Amino acid sequence: MFSLNEILTDMHKNEFPSFRAGDHIKVHVRVIEGDKERIQPFEGHVISIRGSKENRTFTVRKISGGVGVERIFPYDSPKIAKVEVLKEGEVRRAKLYYLRNLSGKAAKIKAKKR
Amino acid sequence: MAGLIGKKIGMTTIFSPDGIKISVTAIEVGPCKVIEIRTKEKNGYEAIQLGFGEKKRKASTKPVATYFEKKGTAIASVLREFKFNNISDFKMGDELKADFFTEGELIKVSGVSKGKGFQGVVKRHNFSGVGSATHGQSDRVRAPGSIGASSSPSRVFKGQKMAGRMGGDNVSVRNLKVVKVLVDKNIVLVKGAVPGHRNSILELHKK
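Protein chains in written order, with this note's numbering: chain F, 28 to 141; chain X, 575 to 781.
The set of hints was computed from the structure by calculation and includes no laboratory data. All of these numbers come straight from a predicted model, not from anything done at the bench. Every residue, glycine too, gets a C-beta built ideally from N, C-alpha and C. You may find that some hints are simply not true.
[To be verified] Listed below are several chain X residues computed to face chain F (Cβ distance under 10 Å; list not exhaustive):
1) S590
2) P591
3) D592
4) K636
5) T640
[As the list claims (entries may be wrong)] A partial selection of chain X residues facing chain F, derived with a Cβ cut-off under 8 Å:
6) I583
7) G584
8) F589
9) K595
10) G694
Take the sequences, apply the hints, and build the full model.
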């Protein structure tokens, strides 16, 4: 008798530093172009972490050319090469969806005091 | 069709190497023991009888226990026959495991579907129901509608789709891809859903 968890231990797992909503992170994404693979960074704020176990995902939001861009990454996606935590943010919520309605200085996240 | 007996463990998701998430069902396959080989000379057809799982002597009836005693093997909880083309390759007592299947292969999985109880025609036969919920109507949204003509034939035809017991049928799903074979754990991961609840007994047929 096996539990599903036991099976999942065999599967691909990503290991990267822990981060929370509000943190400024850089996700290194593997991009395949033709038969070549290269790394493309995606830098922004974590605005949400949801799900559990194999279904855990995090959402990264950045402003690109004045337009807000969000990308949802599954935690254990083999497409993620690396995650860097650049800045820890001081926020009061777990989901920062309110940032979508703010722009400019209002959308700034305070850095965490050490 | 050659095949094995398995047990449904449950569903989960895994990533394919190119980063696509796929829903898979984990099935514990075997180990299936070859209990008997049916031959053309003796039985008129060729097949292999496989046993799966274990059963205590106390829990088995005498005829079943005696059958296994004569074979000299432990009592299996499930006995199934499968057609094999190469029955001469097997001998009694052989164990068949997950490595019987290869990754990428398409298989057929049969089992008993989950029981749904007494269900109406909308769920059971995919009827659309009658009319709308508004315009003065009530209680007609999930109704079956007319079940036949009047004085001729003045009866309802046999086989008319109506409400009734649903589920608990033998269901086969064909062309399921074997995504991964975990040989050490004796488990195959099959893309998509298979019939039945967790721990239900399945037959996995090779193409």
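A quick look at each hint next to the structure:
no. : hint : in the structure
1   : S590 : holds (8 Å)
2   : P591 : holds (6 Å)
3   : D592 : holds (7 Å)
4   : K636 : violated (28 Å)
5   : T640 : violated (28 Å)
6   : I583 : holds (6 Å)
7   : G584 : holds (5 Å)
8   : F589 : holds (5 Å)
9   : K595 : holds (7 Å)
10  : G694 : violated (33 Å)
When the structure is compared with the earlier hints, violations turn up for hints 4, 5, 10 and for no others.
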